[in-house]
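Engineer: Spelled out, the chains give:
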Amino acid sequence: DVKVTQSSRYLVKRTGEKVFLECVQDMDHENMFWYRQDPGLGLRLIYFSYDVKMKEKGDIPEGYSVSREKKERFSLILESASTNQTSMYLCASSSPRDSSYEQYFGPGTRLTVT
Amino acid sequence: GQQLNQSPQSMFIQEGEDVSMNCTSSSIFNTWLWYKQDPGEGPVLLIALYKAGELTSNGRLTAQFGITRKDSFLNISASIPSDVGIYFCAGCSARLLNFGNEKLTFGTGTRLTIIP
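Protein chains in written order, with the numbering used here: chain U, 85 to 198; chain W, 13 to 128.
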């Protein structure tokens, strides 16, 4: 059974803190993605990675950075958390060898910045 | 970045009713996907469509890839309580073997609530 796990389901941080969100997949997928989900806005792509040490900006990268040192792990970093980064964060993975283009999602991390 | 227009934004229906929702885009897509998100979970794929005009079913769910390749529709027949959740459409413009372009563009979501 395919599996994408995220390090925390709920996280509360203070403004200005550095925040790390971790994602691990066990499917040997090349592609990994970070989205944020907000009511009425759907899922918006923050960053994605096609390979180890490769990263590309998505639609809303400002205030975020990422790290992919190992194929199975993709980290999202909030350098200095702000209240407008309070959101649900979803990680996903996929393989370019899979012609369905399906992305497999983790359960999400609900981040609150106070 | 582009987002897909999905409607309606929310639906309140009674158990047993049929449901219809749609997604429109200003761009052409080569693949349309429909996902469902249960409360507290990540989205899970329901149906995938790969060809303009294609009609695909998965149990009580039926989805269609619009002829213009700029829209897609999802229908749920005879709704049951476990249909509650948020439904997302997603479009992909990648072509097979065009590695590196498998990003999905997601719709804004339709929240389905079933009234007892």
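Derived by calculation from the structure, the hints in this document are not laboratory data. A virtual CB, placed ideally from N, CA and C, is assigned to each residue, including glycine. Honestly, I wouldn't trust all of these hints.
Said to hold, decoys possible - Where chain W lies over chain U, by a calculated footprint (3+ residues, C-beta under 8 Å):
| hint | stretch |
| --- | --- |
| 1 | 102-110 |
| 2 | 123-130 |
| 3 | 188-194 |
Engineer: Now, for every hint given, state plainly whether the structure supports it.
Structural biologist: Against the structure, the hints come out as follows:
Here the stretch 102-110 of chain U counts 0 residues with a CB under 8 Å from a CB of chain W, which misses the bar of 3, and the coverage is violated. Only when three residues or more bring their CB closer than 8 Å to a CB of chain W does the claim for the stretch 123-130 of chain U stand; here the count is 6, and the claim holds. Beta-carbon proximity to chain W at under 8 Å applies to 4 residues in the stretch 188-194 of chain U; the threshold of 3 is reached and the given coverage holds.
In terms of the numbered hints stated before, the structure departs from hint 1 and from no other.
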